[in-house]
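Take a look at the letters that make up each chain.
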Amino acid sequence: MTVQTAMQSEGAGRNPARGFKPRAGSDRLYNLALRTVAVLFAAIVAAFVWSVLHQSLPAWGKYGFGFLFGTNWAPSEDVFGAAPLLLATLITTGVALLFAVPIGIGTALVLTFVLPRKISTPLRSIVELLAAVPSVVYGLWGLSIVVPWMSHTVQPWLASFTDSKGVFSGNQLGLGLATASIVLSIMVLPTIVAVSRDVLANVPNDQIEGALSLGATRGQVMTKVVLPAAKFGNLGAISLGTGRALGETVAVAMVIGQSPAMPGSLFSLGSTLASTIAGQYIDSQPMHLAALGACAVILMVLTAGVNFLARLLVRRTAGK
Amino acid sequence: MTVFDTQLPPDPMLERRRLVQEASAKKLRGRKIRSSVFMSSLSGALVVSVIPLGFIIAALISKGASVISGTFLTATPIQPNLLDQDNIGGIGNAITGSLLVDGVAALIAVPLGVLIGLYLSESDSRPSAILRAVAEIMTGLPSILFGVFSYIYIVTAMKGYSALAASIALSMLMTPVITKAAETALRDVPVTLKEAGLALGARQSKVTLKVILPYAFPGVFTGVLLALARAIGETAPLLFVIGASIIYDWNPSHPNTAMPLMIFNYAGSFYESQQAAAWGVALTLVTIVFALNMIARLVAARMRREQR
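Sequence lines, in order, name chains C and G.
Under the working numbering, the first sequence has 105 at position 107, and the numbering climbs by one with no breaks.
Under the working numbering, the second sequence has 467 at position 168, and the numbering climbs by one with no breaks.
Don't take each hint at face value.
Stated by the list, open to error - Within a straight-line C-alpha distance of at most 30 Å, the following computed DSS-like cross-link-like pairs (lysine-lysine) qualify:
id: 1; chain 1: G; residue 1: K493; chain 2: G; residue 2: K509
id: 2; chain 1: C; residue 1: K222; chain 2: G; residue 2: K331
id: 3; chain 1: G; residue 1: K326; chain 2: C; residue 2: K222
id: 4; chain 1: C; residue 1: K116; chain 2: G; residue 2: K331
id: 5; chain 1: C; residue 1: K60; chain 2: C; residue 2: K229
id: 6; chain 1: G; residue 1: K458; chain 2: C; residue 2: K60
id: 7; chain 1: G; residue 1: K505; chain 2: G; residue 2: K493
id: 8; chain 1: C; residue 1: K116; chain 2: C; residue 2: K229
id: 9; chain 1: C; residue 1: K222; chain 2: G; residue 2: K325
id: 10; chain 1: G; residue 1: K331; chain 2: C; residue 2: K229
id: 11; chain 1: C; residue 1: K229; chain 2: G; residue 2: K326
Unchecked claim - To spell it out: a stretch of chain G is covered by chain C in this simulated footprint if at least three of its residues, at any positions, have a beta carbon under 8 Å from a beta carbon of chain C; those stretches are:
id: 12; segment: 329 to 341
id: 13; segment: 347 to 353
id: 14; segment: 424 to 437
id: 15; segment: 508 to 518
id: 16; segment: 584 to 590
Unchecked claim - Here's a subset of chain G near chain C, in silico, CB distances under 10 Å, partners left out:
id: 17; residue: K362
id: 18; residue: A528
id: 19; residue: D548
No lab work stands behind these hints: they were computed from the structure.
Glycine included, every Cβ here is placed at the ideal spot set by N, Cα and C.
Based on the sequences and whatever the hints tell you, model everything.
Printed below as a string of structure tokens:
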């Protein structure tokens, strides 16, 4: 009886659940705030895509898809065709990858499988620091060191291999597609190395040991086991590098010569999509601005596509 | 006496083994040579990929160090003329311009990035998966597109170039980087900690503020530093939104200048003194970027050690 009263009185006096009522109201506010920020971000991205699309509409209206194939980019005559820019972008990216892919994946293989950790860890940091160097510094280096070197040494040498219409013909100013490609290849290298290294580190060790135990040499392990196992991840690394090369602006603008004409050889001056936007955006006439906006749309579609692909490929290896 | 013919026909198994061993011994040499050629070409690749950094650092130091002085870092620029080609002043206003532009960009991008990261770390719904993909793809977009974005909205609305327009372009670049780092760091917070907080009766918002964010702070901080290091070196998004300035100016609505922009303008200059100055600015900028990266690395390494 007394016990019961005590319990009752205690329960009536201090309800242990009081004060611990789930305050749904405040949690709802918290969730609402987070959701609002997410919606805000989505709205900003949508506004970003819309603004670029909207600006380009007059150019698409005037030229349609022919804009992609028009070979004449002449702001003074108010005629705009993106083919020279698109071609310069694809050529510089392609040549840059030609160098950067084997060197990058080779470096990643050495860092992952050959060198002892004590040496490979600092080397990895060095390669990653290369990625942190601002692109304008690569441009400065390209302009004041690579350009004279190309002009005095490399271009005369390469020109001796071809006739007056070959890939290595044309001016020997040092500026141009070839120089831009070299600078680009150095710039995308760290991206490829870093991603490829992460992918290679995930190749299952038992596969490697299995191959070794069957008598495979180290070279055979690399080419027949490691590289096939890391195929998709490495393709993802290459795609990320491609995205960076396609969109690189300032460094390319400084060494490519900024001349939007159809490229005739690797030594031609040129202008990529991004470098043209950088060079001509200020004080443009309406149609010129629309054409530059259309270039921005092409650039956005290309880089977003390549990055999306990279994401799928890297995830595919990581998921396994 | 019968004579046994001891000359038995050869054991086919042994014979076969001998043949295989012979063939593989002959092949082994080839395989070993091919392997060592391949492996040494790999080392060649490593050397080739490290050389450019050596070249760039050497050029930065040999060409940049002699330019840098107290005056160079604090004075404002002077346009050289034919009579006085070497008098170019300094880069003080570009340093403060970079500080202003990147500081304001961080003020926008850090809260936005951390909150989106928080949202993504707590939700696995379809919209959040899409948002995550969008943020990741945005980190790969060319930065000049954000300059176009800022030009269309901010420069047009403000009827002129401004440091704020540059900050907004850069914040578009920083936000997805911070989001990614924040989400990763926040997802790494042990569920037990979070549940302990909730079990004590704390509200979700309180648990986030007092438990989750402090625990994830080093990871978020690393992400912010890396985003800043990237933003401070960016030129392309500033090109047509920031305008130009040759004085110290802390007003975000005025035109301004920044270190990378100064390198870009000086590199192609007609005057040798300005070309030399470009290397001085570049050395200053790279030092700042590397310092930010180093601090980020140290914080990350320390965090890993503590959590182990």
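Now the hints, each set against the structure:
Proposed proximity of K493 of chain G and K509 of chain G is supported: the alpha carbons are some 10 Å apart, at most 30 Å. Between the alpha carbons of K222 of chain C and K331 of chain G the distance comes to roughly 15 Å, so the proposed pair stays at or under 30 Å and holds. Pair hint K326 of chain G plus K222 of chain C holds up; C-alpha atoms about 17 Å apart against a cutoff of 30 Å. With a C-alpha separation of about 27 Å, the suggested pair K116 of chain C and K331 of chain G falls inside the 30 Å cut-off, and the hint holds.
For the suggested pair K60 of chain C and K229 of chain C, the alpha carbons sit about 43 Å apart, so the restraint of at most 30 Å is broken. Our distance criterion of 30 Å between C-alpha atoms is met by K458 of chain G and K60 of chain C, whose separation comes to about 28 Å. Using a Cα cut-off of 30 Å, the hinted pair K505 of chain G and K493 of chain G holds, with the two alpha carbons roughly 10 Å apart. Our distance criterion of 30 Å between C-alpha atoms is met by K116 of chain C and K229 of chain C, whose separation comes to about 27 Å.
Restraint check for K222 of chain C and K325 of chain G: satisfied, since their Cα atoms lie roughly 21 Å apart, inside the 30 Å limit. A C-alpha spacing of about 24 Å is found between K331 of chain G and K229 of chain C, which places the hinted pair at or below 30 Å, so the restraint holds. Of the supplied pair hints, the one linking K229 of chain C and K326 of chain G holds, its CA atoms being roughly 28 Å apart against a limit of 30 Å. Only residues whose C-beta sits within less than 8 Å of a C-beta in chain C count toward coverage, and the segment 329 to 341 of chain G has 10 of them, enough to reach three; the restraint holds.
Counting residues of the segment 347 to 353 of chain G whose C-beta sits closer than 8 Å to any C-beta of chain C gives 5, which meets the bar of three, so the coverage hint holds. Here the segment 424 to 437 of chain G counts 9 residues with a CB under 8 Å from a CB of chain C, which clears the bar of 3, and the coverage holds. Check result for the segment 508 to 518 of chain G against chain C: violated, 0 residues qualifying (beta carbon to beta carbon below 8 Å, three or more required). Given a C-beta distance limit of less than 8 Å, the hint that chain C covers the segment 584 to 590 of chain G holds, as 4 residues qualify and 3 suffice.
At a threshold of 10 Å, the smallest CB-CB gap from K362 of chain G to chain C is about 8 Å, leaving the interface hint in force. At its closest, the beta carbon of A528 of chain G sits 6 Å from a beta carbon of chain C; the interface hint therefore holds under the 10 Å criterion. The beta carbon of D548 of chain G comes no nearer than 20 Å to any beta carbon in chain C, farther than 10 Å, and the hint placing it at the interface is violated.
The earlier numbered hints that this structure contradicts are 5, 15 and 19.
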